[in-house]
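Peer 1: Sequence:
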Amino acid sequence: MSFSRNILFFGAVLSILVVTGCTNGFDVNPLIEKKQAPKQIVDSFSIPGTQSAEIAAQCEKATCLTINKSSLGKIFLLISSGKTGGSTPQWYDLKPQVVSFEKSGSRLAMLGQNYNSIYEELQTQSLIQTFRIVGEDTETITFDWGRGLKSLIAQNAYDVDYGTGMNDPLTESSVPAIPVMDSYTRNIKIANNSIELNQISKIQSLQGEVAAKNKIGMETREETLDMNIQIRAYRLESKFKPKEYDASRSVGFFVTRVARASMSKDAIKLIAKWDLSEGREPITVRVSAAVPEDYVQAVKEGALYWNKVFGKEAVVVETGVDPQATPKDHSIMIRWVTWLDAGAAYAISQSDPLTGELLRAQVFLPSVFTKVGSGELVQLNGGSPVATGAIACDFTGKIQELQKITKEASTSQRLRLAQDSVRSTVAHELGHAMGLRHNFAGSFSAKATTKEIYDSAKTYLKDPNHPGIETSTSIMDYVSGIDDVLNSARIKHAALSYDKMAMDWAYSDNDEALDSKISQYCTDEDIGLANSQGMAIYGCERFDNGNNPLLRKYLDGRDEKANLVKVLFASIIGRMYPGDQPEVVNNLDAVINDTYKWGKAAIDLSFVGKALFNTSEIIGNTAAGMPALVSLDAVKSGNVLAARTGQDSAMTDLRLAHLADAAKYLQGMDGVSDKVGGYAAMLNGLLRNAQGQIDMDWFVKEVQALKNSGVMAKGKTLAGREYSLTEEQQAKILKFYSDIQADNAKIIFSAVRELLPIIQGQVKGDDGRVKVINKILPMDIVKQADSDMLGNIALDLMLASKETIDVQVGEAGAIKAQLPIPFLNSKERISLLTLLSSQGLSFPMDMKRAQVRASLAATVNEFLAQIDSSLVIDTMSEADQSALSDKLLKAGLIDATSANWIVAQVRVLQALTSLN
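Residue numbers (the numbering used here): 50 to 965.
Relax, there's no trap hidden among the hints.
List of simulated lysine-lysine pairs, DSSO-like, C-alpha gap at most 30 Å:
hint	residue 1	residue 2
1	349	549
2	602	750
3	602	813
4	750	649
To be clear, the hints were calculated from the coordinates, so they are not data collected in a lab.
Generate coordinates for the entire structure from the input sequences, incorporating the hints supplied.
Peer 2: Structure follows, in structure tokens:
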């Protein structure tokens, strides 16, 4: 994850930066060995002190360094890190460079060594900068470092592989750079076997902004950088073994593209990895002292997770490090900042530019990851919006060593979940610092079933030693909600399977560790490729959950409906009685007013619809159709274009398999017939209540259940605080629910339209043109056994009524009759009739449509019989049906209410007749 910045430089450096490099196939070791500088920096450089009086006088007004002449032409490593200014300062790292120094007249040049040429006929160097020579003697040269570096190399500090034929050739002879407008240096010293100094720099760049239509205005921007610059000897003493990237793309690492001898396009790609060879000390994870005490243990657990992955002590943790500390070799610094609305965390790393060995890294961790929502707590708390004494007690025992027991925040369930979030975030970012890329197919590859995940979530808060469950095969995935919590708990106990496979492979001499049965791999470029063709990858999306995304997205909608009332109550009392302010009771009116914005259930089934239907659009005379989703197999095999035309057998197989899995799961949940398929079972579960009726009163019943539970009067918030509400306060909360009832009454019926076919649907685009849209179920989605359930759902939807209304009919209104008021208006009912369409099915739905039509006509005929027994809606022509209400109204046989009711029923009947 990364922050976006306003200047070009930070687009390159403020990502998950991993710098790697190596030789190009030529044996450069002999060249390097000849140029190796003395191991100890003091044998090459010194701070002037014993030079002549003339030199000393000049150095009083300069930033002087002295280099031994014997070290001219030797190679050193220039490595720089710094932090930005402004209101949100952040660390960044520059790409390390192998450099040497050469004297020419009165100037001393610092030259970048080029070991990446594709041919050896031309040996080149890059001039980085020259410095004024202050003086020299027979053995040394003293020079003025001056105001420091005059430009900053802004080239990407890491490479990624885009696949065969998609990478740019290595033919560029220049690198992007940003000029330093002004600067000064300070604190020059010899430390950590390096020459070290600070350079404060003002940089400038141009930023484009839209000034008017078709015009871009350019604005000059300035920023100050505080850089730590180190120069140390470059040595070839490591047992580090570079490894080329996995051509099968079973695992993903950042890479360095290095020119292959005589080839500019066929580059060598070496993965980023640490030196963990025998005899090398573990990587030190340095934890900033700014990390709050409540989260230190979680940070340590996130770091030590990687020891489980490697199966040895690959990392050790050092806590209490000065937040201002500069990076150190063979270490990863975790920097914590209090930033509650930050967009992301990020990791940055620096590598040996010749071998790819990771040298040091940093993780930037804002405190936003300690925020926990009420929705997750309610789901993990068995659906309860309040805490029970047992849970609070269990939790107190777990965390009392981290903080004083009297602090309410540390006895809350929120703290535990916040610690989970911090643990998994640290482990994720350290994964980037270890060289790993995102793997968004981790959850798709997990072996845990939906039932296992949901069952495990129910017991999580009740068990302080819960072992968690592998909801994703990789900590490099993005998962959310209960899956994130359970995965975070799991990494306390075991390595996730993809992470172990990837590291076993990276630190071996072969490919034996790779096994697609353990996990699939999918990263940002795969998503980008699919998106460029207007599709998304099924099973490879950021924050998708479970190995059956179709079922999990469907269950998310059901959970939103089931938990809305409880989540809103938990949110209200949680903000009224904040857990981190035990003496504060906030004004209920203000809290409620702020809650209205969340008062509508966010049931989004669009993904499920995309997984189910084949969609086509017709604009004018142009027809186009392609699936919304593509299989990972099609993307990885290069068959994306074929998949656009529907030639994606893997996606077809996945759809059928996941619908069958959904049917099995929902049969156990809802008690429907085991002969019913997943499509019919999903619709049934959304639309019906536990009694098998159309769920028209779900919101009212949930509010009543909350009222009857007793928790509205008093209890304990999910943050652990005791609360009590007066009758007046309870009434205000109930009024809030009453106010939002209308917004939620039909929400499920609106959401379910995503799961219904569309036949010749017309939508007006932003350009004013009308699109004709067809959404057709593929063959074999709906079985013959489903037709009865779909027919019954359609029938019940057409007839669903919550109340009746009295009307006067007949001559002079002499007859008192009752009309059932449909829960759904005619337009809403017509939109649901595609349930009965035969389009895409291997069998006709004619009989089911006839049954629904007969039942609906019977309700109309029953009413008409009270007016005139000769009136039968079935025997009328379509024109007579349409004219019937006006005819009866003009004759004085019905009132306006009855006329409107007849019009609505006739519209639905006629829509049924035209359906095929």
